[in-house]
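Participant: Residue numbers (the numbering used here), protein chains in the order written: chain A, 1 to 323; chain B, 1001 to 1341; chain C, 2001 to 2375.
There could be a bad hint or two in this list.
Simulated pairs of lysine to aspartate or glutamate, EDC-like, Cα-Cα distance not exceeding 16 angstroms [unchecked claim]:
no.	chain 1	residue 1	chain 2	residue 2
1	A	Lys277	B	Glu1065
2	A	Lys277	A	Glu289
3	A	Lys76	A	Glu51
4	A	Lys53	A	Glu187
5	C	Lys2276	C	Asp2265
6	A	Lys277	B	Asp1200
Since the hints were made in silico from the structure, they are not lab data.
Residues per chain, in single letters:
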Amino acid sequence: MSVITPAIATARHKSWRFNMVGVLLSALVVSVLGTTTAQARTLDTAYGDVEVKGTPERVVTLYEGALDAAVAAGVKPLGAVTTRGGDNVATYTEAHLGEDRPAIMGVVREINIEAVLAQQPDLILAPAQLSDEQYQLLSHIAPTVVPPTQPLAPDNWKNEARLYGEALNRQAAIAEAIAAVEQRAAEVGQAVEEAGIAGSAFLVRWMPGGPMVMSQNLFATGLLAQAGLDVQDGGLVGERGVHSDVLSLENLSQVDGDWLFLATLNEDGQAALEAAKQSSAFTRLNVVEQERVIPVDGQLWTSANGPLAAQAILDDIEAALLP
Amino acid sequence: MTVPRFATLGVRRASPRTLMMLLLTALVAVSLVSLLIGAGSVGPGRVLALLSGTQDSEAHFIVWELRAPRTLIGILVGMALGVAGALLQAVARNPLAEPGLLGVSAGAAFAVALALVLGASAATLRISVAQLGALVGCVCVLSVARFRGVGNDPIRLVLAGAAFSGLLASLTSLILLYDQRAADEIRFWVIGSFAGRRLDDLLAVLPSMLVASVVVILIARPLAALALGERVASGLGHHPNLIRWLVVACVALLVGAATAIAGPIAFVGLVVPFVARAFAGPDIRRTLWFCLPIGPLIVLAADIISRVVVAPSELPLGVLTALCGAPVLIAVVRARRLPML
Amino acid sequence: MKTTSIKSTSMPFTHATRAALGGNDPVSPPQGYWRFAWRHQQGANSVLFEQRAVVVNLGLFGALLVASVIYLSLGSVKVAPTTVLKALVGNADMMATFVVQELRLPRLAAACFTGAAFALAGILMQTLARNRLATPGIIGIDNGATAFAVASIVGIGVSIAPPAMALAGATTAAVLTFGLAAGSGTQGYRFIVAGIGVGAVFGAVTQLLLARVAIDTANAAYPWTVGSLNARPSGALQLLMLGLALGLTTALALARSLTLLRFKDATASGLGVNVKRRRLEVLLLSVALTGLAVAVVGPVGMVGLIGPEIARSLSSSRGVPLLAATLAGALVMVLADLAGRTLLTPIEIPVGIVTAVVGGPWLLWILMRPQRSYT
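Next up, chain A with everything else stripped away, as it sits in the complex (with noise of 0.2 angstroms):
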């Protein structure tokens, strides 16, 4: 990938460039006058260095654990996308933001440029998988912070809330929510162990031909690890992946720990239960004729991310384990 610093324009936008950030500077200054001091930060993103002045104001997410970042931080942002499945932003973000829903922004897969332009943002939160023309285009309306491709880690959450949270000048509001997430799941770890549970934990998502596991390296994953479980992924998801290919009917037992959550994108979990229990190689497995399968929300355990969405999936796990 060509990395690319915003202030090395082209010369073709060079002109435009000073010309957009005179009058953004101009409208953020007016904006924060009196309230902060316009100090300059040099964020180190996926595009190289981009500089944000001041707090910003106008945000816009175009990514839902910007979106979750920007709201954890205290940042009512102007414009988001839609959350997948749905026409707005995503449910377990809805009661943090009260009444004050960001326009949309279009579909994660067809950003909405114009209707960004239309917000006049003086920051955009956007994320890694941001394609080179689109941020060439979105970068020329504000900053815009892309974090850097990162191997997958449980932890990649973390950094992420931390630069958007540097970008939008509120360093300390995301360190305490983070620092909030890390006791939170260190006191449901503590409860879990003293209510005596313990064992492997699989994460899978349930197709008809049968499970794909998800990686033991992702957000939620990492979150089950922290709250006292052996979360594993059978070696059957590469270095890369997310998740492993439609795993074999014939091959379930490999996903047959002491715990099974299962991820559906159905709104109701159970009916995704029932359909999996339709197949006898299913319920043959240990953990199912132990009653240890926990349905869950596909949308927030394998696609959120970001503070607010620990704390949801937090409240999962201790809502399954510790009944």
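Got chain A; can you put chains B and C on it based on the hints?
Facilitator: Below, chains B and C alone, put in the same frame as chain A:
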């Protein structure tokens, strides 16, 4: 009426009866192999031990609960796709007519996407949805392409199918743009597989397969007459248009049933009749008979390969048949004389 | 006395006559043609323009201009048409100028040039195959480009940018189809069916790739599977502009033999066309144009059917309406993307979906009409 000379493969010297016996033996052998081999750890040795009376609950479960239903489904899907292909090619008088090329798979995929959006889950999806979609897709393309005149222009039907499939694929994409959940799930449906399909699924589509079989038996003779030309068929007291529409209905039922169970499986409907004609010659009735063992043979062989090449996972069958079937399609058109049916 | 020899020229709808020296009688043009004559030292020249073709092309061009202005003014940010014109010369306020110059103008250019290239490639292919339903997409080029671009995004193989990979994929598919159809010639359905086979393989590969990655990665690959004009690569666009300029010139130069290619091979040969060679040239041209366009926008094959169909319905059947098809393709693409951007704001519908949803039913209607001869 030209005889497909290139397609004899030197096998026509043997009598049809002997050939049929050979094919049936091969089918039994492949079915056995299908029971013996899988993506799991239960290998041929353990299965043979099980069959000779050893107690082995793991092997027993895998052979009788997983591999046996799957083999049965493979046999029926192979028969359905093979016969449907032969019927379609006969009535369209076009050796390239293939259910998968004609929008049937696209219709089924569209219906599945629609159902997913309306709240179903891929795990709980009712099999009738895909079947309905396949039926509608098939009828649409065939009525659009219309049979009269197609005999002179084999490519017209293919192009109509391609255009129609493109339209349906775009409509599916439009739905998936809005619904990420459906987008996430349909990725796994469109690649076609027998894995995890249960006998209940088979029971759900068995009625339509049976109805189609009865109709095929009834129209085989008129169809053979139609192959001699419209006037000959009329002269013998048949109704060409009625025959055509019955064939369309049969094809839609058969392909719809197969697609509903296994997802889109490309090219089987093209390859099977091609091979069957090599065995049976130009007579449509004999070709149909030969499709019955050849279809399952090819589908089961592909399914067995799909189980072992990427164990412990499985390669989707639809991908495998597309990869293997396309060369056959190309071989058919590269043949010096394209058989006119 | 006058001796008149008629020479074929490189113009699509003209017949130039060179009058002998000293012949100064006015020559009345055939019915339905305009004749323009001029004199110079060596003698006199005259050019015949088919009235209908001139009107159609000018009309389409005018429509394209109007559509462009509307395209530049509508969207999530509204810009008045008068402001659009000001913004184009840099005379408007910051916001309007940014929207028009940076966001919409490159997108408009991408729409125009890809639409034009698809439609031109389409009408070339249709003339070649003598079938109104043939497009380069049907011989697997679109699928090849998609498979390669998706492979690049999901991170399989070398990390080349998706547009370059799309171009490589289109080339690979074309080469495979040519190779597999070799010996059976480039005529008729053997070639097309070989292409369908190649396309099916690439389609299966794409689906397999998409099923093996996480949904976020699959999302990033989405524009390459449906065709979208949102934030397109500028390098590929410049390449396309160059290719289209060359391609259109070449196509217009081949116009006369294209007209003859519509007839039976024997007839065309008899009229002095080297059928085999001309076919190969036209086919290569069509494939190259499609490959370049796909590298910009992804698979939007439907335009290759709609553009030529509009052009044919407007034009007389005297020649192959190359220029009209090119303009119509650009117009269709611009209108489709305009609709995609504005109909369901704030959600944008990718242009590939709009063309298919609108063009599909229309196409079916064409298919269901009683079959006419090719023209």
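Participant: Going through the numbered hints above, which ones does this structure break? Give me the numbers in ascending order.
Facilitator: 3, 4
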